[in-house]
Every structure is written in structure tokens, then in C-alpha cells.
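Asks: Given the coordinates of chain X, work out where chain A should sit on it, guided by the hints.
Those protein sequences? They're chains X and A, same order as listed.
1 is the number of the first residue of the first sequence in my numbering; add one for each residue after it.
1001 is the number of the first residue of the second sequence in my numbering; add one for each residue after it.
Bear in mind the hints are in silico, worked out from the structure with no lab data behind them.
These numbers come from a predicted model, not from an experiment.
Yeah, the Cβ is synthetic: ideal placement off N, Cα and C, and Gly gets one too.
Among the clues, some could well be false.
[To be verified] A few chain A positions that, by computed beta-carbon distances, are all more than 12 Å from chain X:
| id | residue |
| --- | --- |
| 1 | 1021 |
| 2 | 1057 |
| 3 | 1229 |
| 4 | 1241 |
| 5 | 1298 |
[As the list claims (entries may be wrong)] Which residues of chain A face chain X? A few of them, derived with a C-beta cut under 8 Å, are:
| id | residue |
| --- | --- |
| 6 | 1132 |
| 7 | 1134 |
| 8 | 1235 |
| 9 | 1267 |
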Amino acid sequence: MKTATTNFKRFGSVAAIAIAGTMLFSACAANEDAPAGESESTLSGTLDGAGASSQGSAQEAWVAAFQIENPDVTINYEPSGSGAGREAFLSGGVSFAGSDSALSDDEIAGEFASCVPDSGYIEIPNYISPIAVIFNVEGVEELNLDAATLAGIFKGDITTWDDAAIVALNEDAALPSAPITAVHRADDSGTTKNFADYLNKVVPEVWDAAPADPFPYAGGEAAQGTSGVVDAVTNGTNTIGYADASKAGDLGVAAIKVGEEFVNYTPEAAAAVVDGSPLVEGRDATDLAIKLDRNTTDPTHYPLVLVSYLIACQEYTDAEQGPLVKDYLTYVTSEAGQAEAASSAGAAPLSADLSAKVATAIESIK
Amino acid sequence: MTTAPVSPRAKLRLGDRIFSTSTVTAGVIILVALAAVAVFLIAQSIPALVADPAELKGSPSSFWEFVAPLAFGTVWAAFLALLMALPISIGIALFISHYAPRRVAQSLGYIIDLLAAVPSVVFGLWGIKVLAPAVTPLYNWLVENFGWFPLFTPPVSGTGRTVLTVAIVLAVMIIPIITAVTREVFLQTPVLHEEAALALGATRWEMIQMAVLPFGRPGMISAAMLGLGRALGETMVVAMVLSPALVISFVLTSSTNSPTIAGNIALNFPEAHGVGVNALIATGLILFAITFVINSIARVVINRRKAFSGAN
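This is chain X alone, in the form it adopts within the complex (with noise of 0.2 Å):
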């Protein structure tokens, strides 16, 4: 017995310090393969970003491409939310900003920090991201919706599932005398502003409240995040909300009337309506801001989508920024940048014509 417990300690210590050893020195292991081959980048340096939270996991997803191929720049950015990015852009913290709005006339009218003086800027519609009317009904497979309806539910006019106006778009559904439990963004959100943009444009004599990021009626349940208005529509009973279509999940999603029709969200679809959409008038050319034509009647066009814009200089302070910044926007921008948010964020590719627009505006960045 005595043997036994002293051969223990003495080789109990050397194993133990020999498997602590083992797992620090796995740990130092690199967790990512190394790139296939040399990489021909040349690009150096560090790029700080801030702005939408929208546009925040398609960004994780191209900055981690980007930094694949080009291993000495650093990207960061920030989704400290639209109105924070356009304030640190403005004021020289950030060289991009990614913004669900695009910039007001009084900001471009004041000063742009980050670059030189009475050079311009660009502004270029970077991710296209379509919104989902979610529901859960129970025993209802297929809904049919359109905006004045749409208006009256989340406003709080339209209060049981077998309503007159539900039930005359839906004929075939069994819907049930249920009250609906309306769920909307408890949160200042974009997606809360282009939902109520779109109503606010089609039907303005039901949703009178002008589009801003909070919800603007009270009444309805509200939940934080995204995640949290899928979750409530999930674990609630008779709901129905609007999230980001990537989140949408198993849920069954309302069809939105355009024009006759009823439409279901596609990517092509939600491409198709900011392609049909005119820019916004008395810009610079390489502002791209666009007034998405919410009243389209196009059958292929979905208009219930949030269009986030990129905003950068035409030429910096900083002489290294131009290069870095015209090479990440031009990835971004590229048919495989576009893949990537597709893949990772489920974002709607810009369409081939807006890429071109895009493409120009960028080219003006030195």
C-alpha cells in the first residue's frame, strides 16, 4: 500500500505537469488553416469602421474574407448603431460608415472630418436585406396581407384573427376568433423604419406616423433584438411580427400584396425593387442614396425591404486610408462579397446594374 501511494505522487506530479503542459502548448495552435498559397497582397495597415447593426454580421463576414486575403490589414468595425456611425464618420473617428439612412442635407452640408476639405464623398448601397412579415396561427399554413391591413393589425385597429378584412383575403384559410397578439421592436431599430416607411408611403391615411427607428404606436407586444421578436412569435400563441427575413426560420411568412398579386419574399425580388427605385434627386453623382419606390405594382418587385448604405471620402487626410478603403468597399461590393453576405447574413445580392452604378462611385476614392 505504501508503495503504491508513493509511486503515485512521485509520477502523479510528472504526469500532471506533463498533461498541463500538453494542453498550453495545444492551445498555441493556430485555429484557422493557413491561406492555400502566398498571398500577392501588398495592402497594410488598419481600417476602423462604424455605424449599422444591420449590416453587422455581413460585415464580421467580409472583414474575415477580406483579412483572409490581405493578412496585414486590420478591419474593424463597429455596429454601434446608424446615428452613432454617420456622428463618428462626420467627426473624423472612423474612416467608413455603415448606415441604414442615408445622410440628411444638413449633414452634408457640414463637415466632413475624415477627409480633405471640398473633396466629396460616397455614399453606395452596400446590403440589401429583405423584412418578413412572421406569423403563428394555429392551423393557418398561408396568410395574405396587404398594407392597409398590414397598417391596421400593427396599429392596433384590426384586433381578432377573423376579422372582415383579414377574412376577405384569405377565403380558403380557417382563421381563427382569436385576438392577435402584434409583436414590433421594442428597441429603435432600421428595420422598424423601413417597415413603417413602407406603410407610411402605401397607405399614409392609416399609418399617419412619419418613420423613424422606434415603433411609434402603443399597444402590441414589444421585444428586444431581432432574436427576440422571432423567439416571441415562436413561443407565443396567435402572433404575428416583423424581423429580418434571414431570422424567419420555420415560421410561416404573410404574402404582401403588390400591385394584384400577392408576393412571398425572394432575394431576386427584394434586389429588383431597389433596382426599379430612382436615386434620391439634387445628390452628388457618387451619392447613391435611394428612394425606394415603396407604391411599385411590379409583381416581381418586393417593397418591404431595408437598404443599408456605405459612406466613405473621395479622398482622405490620411493618405493610407484611400487605397484600404477603395479595395474593402470594391470586395464588398464584388459578385463574391455579395455571395458572402448572401451565404452568412441572408441578404439579397445587389442586382448587376446597381453593381456597375456602385463600381463607378468607387472608383472616384483615391
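Replies: Positioned in the frame of chain X, the structure of chain A alone reads:
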């Protein structure tokens, strides 16, 4: 000539000096930290207090109208949580100190302390995934049968994410804190008092009523204030579970609930900028003031029974 006798001073050794200096330093550090927080809150709140109220969220007519639903919601949710947690905690503490066999008491004590270690985010997830769907049928029943009572006015929430659900989760979170402190207080009851009561023919419950509870009252109030402090400041649970709306509402079962200050900050800070950030910090200052007032009231109540209070 005689001189007045000089009272001798105790000779301080080096150990005494070091110890007294370190205790004074510790006291000063905590005061400095508290002062620093107060200064930060006040300095960062001033831009929101002087700004045009129309710039704040919801375009209220004044800052006080903006913060009133938040302050009400904070106090209401914390009050409901304390109402549910306090009797249960005192019951558990009495069971551990006076009724349970020693081994059961010890293991029950460990398990209660384990509950205190669960992160609040986990409680939030439990709230939205498990508790809210589970209590929805109960809320439906309450609103159907008691809809005339002001606390259960229809319409009922379809997802169960109401202030009552939040209060239940908060109660589960503050029970360990209140239990731990009250258990210690009850164990400190003078044994002679307990034995005297029993010797005079009191039953166990009568002995507790006569000897333990009066002795432990200041301690129970301190424990309740500790729990209330945690409930007032709880952030993640409220942000995840509550369905907020900027109104003052007493109804326990509806979708429009008054938000709490901490939950509101958690929800809105990520997207806030400019004077919005200052407005959120100003609501934090109001929460600081509310906690301060409630603790002062508790102090006054405790000081009435100074002799038995451990606070002195």
C-alpha cells in the same frame, strides 16, 4: 508646584498603525468610488436636463414626463418581486434555522446559495423560453374571470411577457440573497430567549413568534432592502422578458407594461447617440436617487430598534 495630571496615551506599535491606516483607506476608497459615480452621473445628465424635451424619445413635454413611466415601472416590478419573495425567503430561513435536521439544513443552504450564482442572462432566457409560455394559460384564465379587477384588465398578452412574469423571475433571483441574510440573523437569536419561551409552555411556532421574529426584524428589513436593491437594478432579465411601452400601467397581464430604468438603458443604449445617451444616463441618476431614498427609509426603520441592529 503641582501640574494637572496628563492622561497617558496608549503606545501604538507599527502593526496598529498599519491596520488602522488600511481600514481608514478602505473606507475612504469606497466613499471616493461612490462620489466618482455620483459626479459622473450628474455631469453626464446635465445636457439632457437642459436640452429641449422634444428631442427626447417620445417627444415628452418635459424630462420628468419622460422619466415618470420608467421610475414607476422600476418601483412597481421590484415591489411585486419583493412581495412574492419575502414570505418565501423568511419561510426557508425559518425552516433552515429552526425546523430542519442539521444535515438537511446545511445542504438546503448550499443549494440556495447556488441559485444566487446563476447569471441573470440565464434567468432571462428561462423567462422567455419556459416561464412566459407556461403562465400564458393562467393569465388567460385570470383575465377571463377577473377582468373587472383593475389589475387584470383585458386585453391579455398572447406571449405572457408581462410585468408579473418579470416579477416572478426577479423574485426567484432575490430569494437566495434574502434567505442567506435572514438565516444568519435567525441563527443569532439569543438561545436563552428561545429556551425561556419554550420553558413557559410555548409551542415551536409561538416561540418563533415571541423570540425569533421580533429579534430578527431589523435584520429581515436589511435583507429585504438588499434584495430590493438587486431587483431595482436588474437589467438583462427585464430587457429580454418584458414587453415595454412608455406608459404608466398597473395592469399585470397585458402587453403594455411600464419599462424599468435599467431595462430601458439596456434596450436603447446600443442605438443611442448624442443627447439620447445623456438622457439614458439621466434616468440612471434617477434610479440612483430612488435606491438612495429607499435605503434611507430602511435605515430609519431599522434605527428605531437600535439595540438589536447589527448596523451599529
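Asks: Now tell me, hint by hint, if it's right for this structure.
Replies: These are the hints, each one checked on the structure:
no.	hint	in the structure
1	1021	holds, 41 Å
2	1057	violated, 6 Å
3	1229	holds, 24 Å
4	1241	violated, 9 Å
5	1298	holds, 32 Å
6	1132	holds, 7 Å
7	1134	violated, 10 Å
8	1235	violated, 11 Å
9	1267	holds, 5 Å
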